[in-house]
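2 protein chains.
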Amino acid sequence: MKGGGYYSRVNRGTKQVISDALDLVETAIEGMLIEDSDRVFAIADYGAADGGTSYELVRNIIGMVRARAPKRPIVVNYNDLPKNDFSALFEMIHGEDEILGVKSYLKDYDNVFILASGTSFYRQAFPDNSIDLGFSSTALHWLSEKPGIISDHIHAVGAKGSELKAFAVQAKKDWQTILLHRAKELVPGGKLVFINFCIDEQGRYLGNTAGVNMLDTYNAIWLELVAEGTVTNEEYTNVVFPQFYRTGEEFAAPFSDPNGEVCKAGLNLDQIESRVVECPHAATYRETKDLDSFVRAYVSMLRSWSESTFYNGLDPSRPPDERNRIVDLFYGKYEERVRRTPEEHAMDHVHYYMMISKANVP
Amino acid sequence: MKGGGYYSRVNRGTKQVISDALDLVETAIEGMLIEDSDRVFAIADYGAADGGTSYELVRNIIGMVRARAPKRPIVVNYNDLPKNDFSALFEMIHGEDEILGVKSYLKDYDNVFILASGTSFYRQAFPDNSIDLGFSSTALHWLSEKPGIISDHIHAVGAKGSELKAFAVQAKKDWQTILLHRAKELVPGGKLVFINFCIDEQGRYLGNTAGVNMLDTYNAIWLELVAEGTVTNEEYTNVVFPQFYRTGEEFAAPFSDPNGEVCKAGLNLDQIESRVVECPHAATYRETKDLDSFVRAYVSMLRSWSESTFYNGLDPSRPPDERNRIVDLFYGKYEERVRRTPEEHAMDHVHYYMMISKANVP
Numbered sequence: 045m046k047g048g049g050y051y052s053r054v055n056r057g058t059k060q061v062i063s064d065a066l067d068l069v070e071t072a073i074e075g076m077l078i079e080d081s082d083r084v085f086a087i088a089d090y091g092a093a094d095g096g097t098s099y100e101l102v103r104n105i106i107g108m109v110r111a112r113a114p115k116r117p118i119v120v121n122y123n124d125l126p127k128n129d130f131s132a133l134f135e136m137i138h139g140e141d142e143i144l145g146v147k148s149y150l151k152d153y154d155n156v157f158i159l160a161s162g163t164s165f166y167r168q169a170f171p172d173n174s175i176d177l178g179f180s181s182t183a184l185h186w187l188s189e190k191p192g193i194i195s196d197h198i199h200a201v202g203a204k205g206s207e208l209k210a211f212a213v214q215a216k217k218d219w220q221t222i223l224l225h226r227a228k229e230l231v232p233g234g235k236l237v238f239i240n241f242c243i244d245e246q247g248r249y250l251g252n253t254a255g256v257n258m259l260d261t262y263n264a265i266w267l268e269l270v271a272e273g274t275v276t277n278e279e280y281t282n283v284v285f286p287q288f289y290r291t292g293e294e295f296a297a298p299f300s301d302p303n304g305e306v307c308k309a310g311l312n313l314d315q316i317e318s319r320v321v322e323c324p325h326a327a328t329y330r331e332t333k334d335l336d337s338f339v340r341a342y343v344s345m346l347r348s349w350s351e352s353t354f355y356n357g358l359d360p361s362r363p364p365d366e367r368n369r370i371v372d373l374f375y376g377k378y379e380e381r382v383r384r385t386p387e388e389h390a391m392d393h394v395h396y397y398m399m400i401s402k403a404n405v406p
Numbered sequence: 045m046k047g048g049g050y051y052s053r054v055n056r057g058t059k060q061v062i063s064d065a066l067d068l069v070e071t072a073i074e075g076m077l078i079e080d081s082d083r084v085f086a087i088a089d090y091g092a093a094d095g096g097t098s099y100e101l102v103r104n105i106i107g108m109v110r111a112r113a114p115k116r117p118i119v120v121n122y123n124d125l126p127k128n129d130f131s132a133l134f135e136m137i138h139g140e141d142e143i144l145g146v147k148s149y150l151k152d153y154d155n156v157f158i159l160a161s162g163t164s165f166y167r168q169a170f171p172d173n174s175i176d177l178g179f180s181s182t183a184l185h186w187l188s189e190k191p192g193i194i195s196d197h198i199h200a201v202g203a204k205g206s207e208l209k210a211f212a213v214q215a216k217k218d219w220q221t222i223l224l225h226r227a228k229e230l231v232p233g234g235k236l237v238f239i240n241f242c243i244d245e246q247g248r249y250l251g252n253t254a255g256v257n258m259l260d261t262y263n264a265i266w267l268e269l270v271a272e273g274t275v276t277n278e279e280y281t282n283v284v285f286p287q288f289y290r291t292g293e294e295f296a297a298p299f300s301d302p303n304g305e306v307c308k309a310g311l312n313l314d315q316i317e318s319r320v321v322e323c324p325h326a327a328t329y330r331e332t333k334d335l336d337s338f339v340r341a342y343v344s345m346l347r348s349w350s351e352s353t354f355y356n357g358l359d360p361s362r363p364p365d366e367r368n369r370i371v372d373l374f375y376g377k378y379e380e381r382v383r384r385t386p387e388e389h390a391m392d393h394v395h396y397y398m399m400i401s402k403a404n405v406p
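The listed protein sequences correspond, in order, to chains C and W. In terms of the numbering used here, the first sequence has 318 at position 274, counting the first letter as 1, and numbering is strictly consecutive. In terms of the numbering used here, the second sequence has 158 at position 114, counting the first letter as 1, and numbering is strictly consecutive.
By construction, these hints were calculated from the structure, which means they are not laboratory data. These numbers come from a predicted model, not from an experiment. One thing to keep in mind: the hints can contain errors.
Where chains are identical, the list cannot tell them apart; a pair therefore holds if satisfied intra-copy or between any two copies.
Stated by the list, open to error - Dumping the calculated DSSO-like pairs for lysine-lysine here, alpha-carbon to alpha-carbon at most 30 Å:
| # | residue 1 | residue 2 |
| --- | --- | --- |
| 1 | Lys-151 | Lys-308 |
| 2 | Lys-147 | Lys-115 |
| 3 | Lys-115 | Lys-228 |
| 4 | Lys-127 | Lys-151 |
Chain C extracted, bound-state conformation (with noise of 0.2 Å):
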């Protein structure tokens, strides 16, 4: 994934996805005693990236603990993977320059102190009874691992039998390890407002709301470079995204089994919801009707978060530049079926909305 705030700058959709999540934490921070007490309020952003996407959402939440607690120190934790580019998160919070047209919320507010974890979320990243308020969005479909192949698509959503059920399995067991970390890391009365990436009630999924389903695209694009000797078969199956949209019942199974370890953990399933979030690319193109300039915003965006899998796919004894010449290729088909029907093109985002509290006596 690039770095310097790149991720950020080119998804809007995920930014108005985290603002849409307000009313949710809100409710949660409403729901907490916050004021009886000077210890440190602590934030998580699992799965993070660059900040940029939750920096405004994160300035809401400190006002709102500030506005509450005065006195309480506020540490904001950014988690991601070692290899995130938490420079590029340092720079822009610790720097001079406007942030999406506001200064830093260091500056409007002292006693505010922002650290990096470079834990992956499916360990403990923070001493037990020490998160108040946790928040993830658009990060927890990563599974820990690919849990087998997928002859015949890129991804689960296109997998079938045997193959999907490896998926499911591997996806329920990664759930719950999820869980059961953030339950330790939460003090008790803690909360999780999580946004995930879904399969919703209606069928729907990320890019596949009306129109041409997106994965599907990627997926016939791939298989027309194997046809034409471009992609090995190999290669083809090489691709396979770590990833699994979950039901809103996968989601809620470990909350309804009181014997389970999610709820013996003191874990409730306060509120989950489904929403649609339009993609802001396909938005503005239905007002300006500027085919040029969504074309090449709109497969930028998808390129930014999908590239490094399928240069990733292709054999590493190709030369670089030949594995960039392939991807290049792909993403330039991409762009020319974009042009053939623009309005059947759009990268809405479905995720479940979920507050997850923990018990305030464990």
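Fit chain W to the supplied structure of chain C, relying on the hints for placement.
Coordinates of chain W only, in the frame set by chain C:
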């Protein structure tokens, strides 16, 4: 500064300096009441770079704390400037590779958590009363700003008169700022172990213990490039390390004024002594007499921490290639000098090692 562990691989001397601080750290921990608590024991490494040089010391600290307080979670906070390569640090500590021949301390100790702080040590980086043991090695000689020019040298050790005075005044102010922020961060009874570049009681300092004076050599070669017409007068003046090597008196001064802010903040200087750590490259050369290896390894090490200062002093209108060529020429001339009188060259480290406590009752 190059990332990916380059700094700690090249700087064996700096690592030896930190190993030499083990007795101070032992004394510091012995003097702390750590058993009677189940709260987090928090360590901060101020100016940690890639975490490689302090790695073994941190492992030792974890071992000592865990032995006396087995239940306490331990958090290691690595602090440095936002641009520091925190990914290299996280990848090293969370990775599967051995670090300097041993596996990560995270494999040996559970309930240990790693965080990064990208806040300048000239600001408060952690909440009040949250750090148990603060550590810093070979970092606090960096001033918060360059307080002026030095007409005829590249470092304050060669400054005179009002130019020297400006640096000394800045260094005094900066030392107080550093101490007051740390006083807030430390828990009552918490301790700091600081190892700082200095001018010792005998007037010795880094690379100036006997034989050739390293910083004078930098200056002489930089002047040679001016005389040859390669470097302009303006570029000569541009290059000033924004550093100051304080004397023992300068380090001790804020602690000896009972009405001063540092004393009022509860800080006490428990121990201060100068120590010289011999240049490992020069020591190896005395044994092996392998001149080529010495010249290469020694000047690489000098280059690792000084290169960016000379490069950035060159006029930005010069193309990068040209700036690189001039910097290559500079270190080439240094290599020639080492080759001519190898036994005269050594970058011995000269530090004050100090232990500072915050009063138990603030």
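Exercise for the section: Tell me, please, which holds for Lys-151 and Lys-308 at an alpha-carbon limit of 30 Å: within, between, both or neither? Expected result: Between copies, since 28 Å is at most 30 Å while 42 Å is not.
Exercise for the section: Tell me, please, which holds for Lys-147 and Lys-115 at an alpha-carbon limit of 30 Å: within, between, both or neither? Expected result: Result: close within a single copy only, 23 Å intra versus 42 Å inter.
Handout entry: Status of Lys-228 relative to Lys-115 across identical chains (alpha carbons, at most 30 Å)
Key = both (26 Å within a copy, 15 Å between copies)
Practice task
First find the shortest C-alpha distance between Lys-127 and Lys-151 inside one copy, then the shortest across copies, and answer within, between, both or neither for a cut-off of 30 Å.
Solution key: both (28 Å within a copy, 19 Å between copies)
Of the numbered hints listed earlier, not one is contradicted by the structure.
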